[in-house]
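**Student:** Note that the protein sequences, when read in sequence, are chains A and B.
If you count the first sequence from 1, position 457 lands on 457 in the working numbering, and the numbers rise without skipping.
If you count the second sequence from 1, position 76 lands on 1076 in the working numbering, and the numbers rise without skipping.
Simulated from the structure, these hints should not be mistaken for lab results.
Take the hints with a grain of salt, since some may be wrong.
[To be verified] The calculated lysine-lysine pairs, modelled on DSS-like cross-linking and capped at a C-alpha distance of 27 Å, are:
id: 1; chain 1: A; residue 1: 57; chain 2: B; residue 2: 1023
id: 2; chain 1: B; residue 1: 1023; chain 2: A; residue 2: 149
id: 3; chain 1: A; residue 1: 57; chain 2: A; residue 2: 149
[Said to hold, decoys possible] Listed below are several chain A residues computed to face chain B (Cβ distance under 8 Å; list not exhaustive):
id: 4; residue: 59
id: 5; residue: 62
id: 6; residue: 63
id: 7; residue: 66
id: 8; residue: 69
id: 9; residue: 158
id: 10; residue: 187
id: 11; residue: 188
Beta carbons: idealized from backbone N, C-alpha and C, even for Gly.
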Amino acid sequence: MFLKKAQYLFVFIFLSHNLFAFSLGNNEALSNIKKIELLDKGYRTIAVIPFQNLTTKDEYSYIGRTIQKFLSNDLKAIKKLTITTQDYLIPNEFQTNRSLLYAYGTNFIRDVVILDADMIYDSYIRSPDPEDPEHFAKDIKTDYIISGKYSFNSGSVHELSVSYTVYNTIQRNFIHKNSIKIHEKDLDQGIKKISTDLVQYFNPSETGYLKMVTDLSNYEFYIDSKLIHDKMNYYQLSTGTHEIKFQSVDHPSGQQTNITIVKDRTNRVEFSRINFTKNKAVLKVSSEPTDATVFLNVRSLGKTPLVFTNLEPGNYRLQIFKTNHNTYYKNINLFTGTNHFRVNLEKIRSKEYYEKRHKRNKLIMYTTLASGTLFLTSTYLFYINGTIEYDRYDNTYDRNHLDKGNIFMTVSFISALAGLGSYTLSLIYFFKVINYDDVNIGYNDKKLKFNLAERSDNHYLYMQYRF
Amino acid sequence: MATILLADDLAFIKMVQKEILQKEGYDIIGEAADGLEVIEKYKKLRPDVVIMDITMPKMDGLNALKAIRQLDPDARVIVCSALGQQQLIIEAIKIGAKDFIVKPFDPPRLATAIQKALK
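Bound-form chain A, shown alone (with noise of 0.2 Å):
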């Protein structure tokens, strides 16, 4: 019986093994909660990308990409790193798709993959930017991104300076800065110290966990004085002591506490919860499209739909970002209660696209004019001939006058019509055109207020060539 038991425990741990095993396989673009769920189990990527060349000669790049390399290989030998390399990797689909360098497979035994300088080297061709990395985390998958630059110290080809940087893909900012002069006599061991001195940071025996019971989502949130721009419940930090901060736009000074990361240890942090009295505003930010970043006072709150409580009421200046799309300036006054924004971003379009718009418009416009001016015109001829012939039929009794002035009075009263319709059609679509659609409404539940003049400087433009 016991055996039996036994037996399904262990094709029950057999299965779960590799449905996990085949769900990593299958995923190309891993999402923040699966990339936490490879760092609790020890699984991290870090690729090294060509370093940038300072000095002022073109022929000196190779020296970058020889950084690269050799620091690469500098960190596979490192043994407390347990390096697994990508020989664990699903070969064919790692042929197949050269772009997706994650950590996965059925076989991946532990820790730190360092991905294979050459395959990052086509990458980084695609997304040359040490600069921003970020920008080149989008076409390469990895946790860590290691970068930097070079150049020769005060003009002398005998001493290299060599500044370097490690990006946190998961939490979007750099987690390391330094810099050094390597001789030229001692460059393998200059490499060889910024290896040393990164593994720290990669060496799962020396970082424990944080999980953060707060709930961050309306609130920025610092370790170690760096803005954490993805709010998750765990980070990994290297041991040690660290200063976690925890801030609202109506308190800048913050909550503030130093927490000391235990090895392998998942370390708790709460903050009391700020309390929200009656007389504060909350503003409530929709946009249309949405996910667009909302900054109160130049502070980032978050993205929208986004609610931030407990503000104190009064003048606000607020902006609202989305890449492509013109940025929603306004300077608000907060009421207590609820504050409520719908903003329509607009799209950038082409220069082009707006005079095409303003085309168009300014002929609506000309056929509006032209159309009121035909139906009085042809109004005034129908009444003035009415009346004339009206006299006529008085007092002349003139046949052939009647007839005319019956001709022309049909003339002026279809052309009169055709003004009429003209210009009620022309006089609807030219309000259709200036109607509220994309015209960006604030209120709050004290004020309705509609303000035209308080839109971004490209919907001006927009307005401009639109009459």
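Got chain A sorted already, so can you dock chain B onto it with the hints?
**Tutor:** Below, chain B alone, put in the same frame as chain A:
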């Protein structure tokens, strides 16, 4: 395809040379980290060209060059030196070095030196 033996005590420099030469289509058949090793490797591999640093541990580049020339009077050796070592370069040319390159390398200069040595 010409075969090349690299001799430098710095792995970084050898990696740089390898990077440049492999792009040019040369075959790197061996690497040495000191003067004695380069002589041993030369005996064994008989490369078309040796690129050798002048300053190396155990035996310096000039003595290693002499030893290689004794083994093979037709040996094609390019010496590699840092800036400010002109005297050593002149001495190496006198001993029989085919050409010299100065660190940090200019990739086209390295390729030209090899082509010149192979003629």
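**Student:** Now tell me if each hint is right for this structure.
**Tutor:** Against the structure, the hints come out as follows:
Straight-line distance between C-alpha atoms of residue 57(A) and residue 1023(B) comes to about 19 Å, which keeps the hinted pair within the 27 Å bound. Using a Cα cut-off of 27 Å, the hinted pair residue 1023(B) and residue 149(A) holds, with the two alpha carbons roughly 23 Å apart. Using a Cα cut-off of 27 Å, the hinted pair residue 57(A) and residue 149(A) holds, with the two alpha carbons roughly 14 Å apart. Below 8 Å, beta-carbon pairs count as interface contacts, and residue 59(A) has one with chain B at about 5 Å; its hint therefore holds.
Because the beta carbon of residue 62(A) sits about 6 Å from the nearest beta carbon in chain B, less than 8 Å, this interface hint is met. Hint status for residue 63(A): holds, given a least beta-carbon distance of 7 Å to chain B, under 8 Å. Evaluation of the residue 66(A) hint against chain B yields a held restraint, the C-beta minimum of about 5 Å falling below 8 Å. Residue-level restraint check for residue 69(A) holds (minimum Cβ-Cβ distance to chain B is 6 Å; threshold 8 Å).
For the restraint placing residue 158(A) at the interface with chain B, the shortest Cβ-Cβ distance is roughly 7 Å, inside the 8 Å limit, so the hint holds. Hint on residue 187(A) holds. Least Cβ distance to chain B is approximately 4 Å, under the 8 Å limit. For the restraint placing residue 188(A) at the interface with chain B, the shortest Cβ-Cβ distance is roughly 5 Å, inside the 8 Å limit, so the hint holds.
Violated hints are absent here; each numbered hint is respected by the structure.
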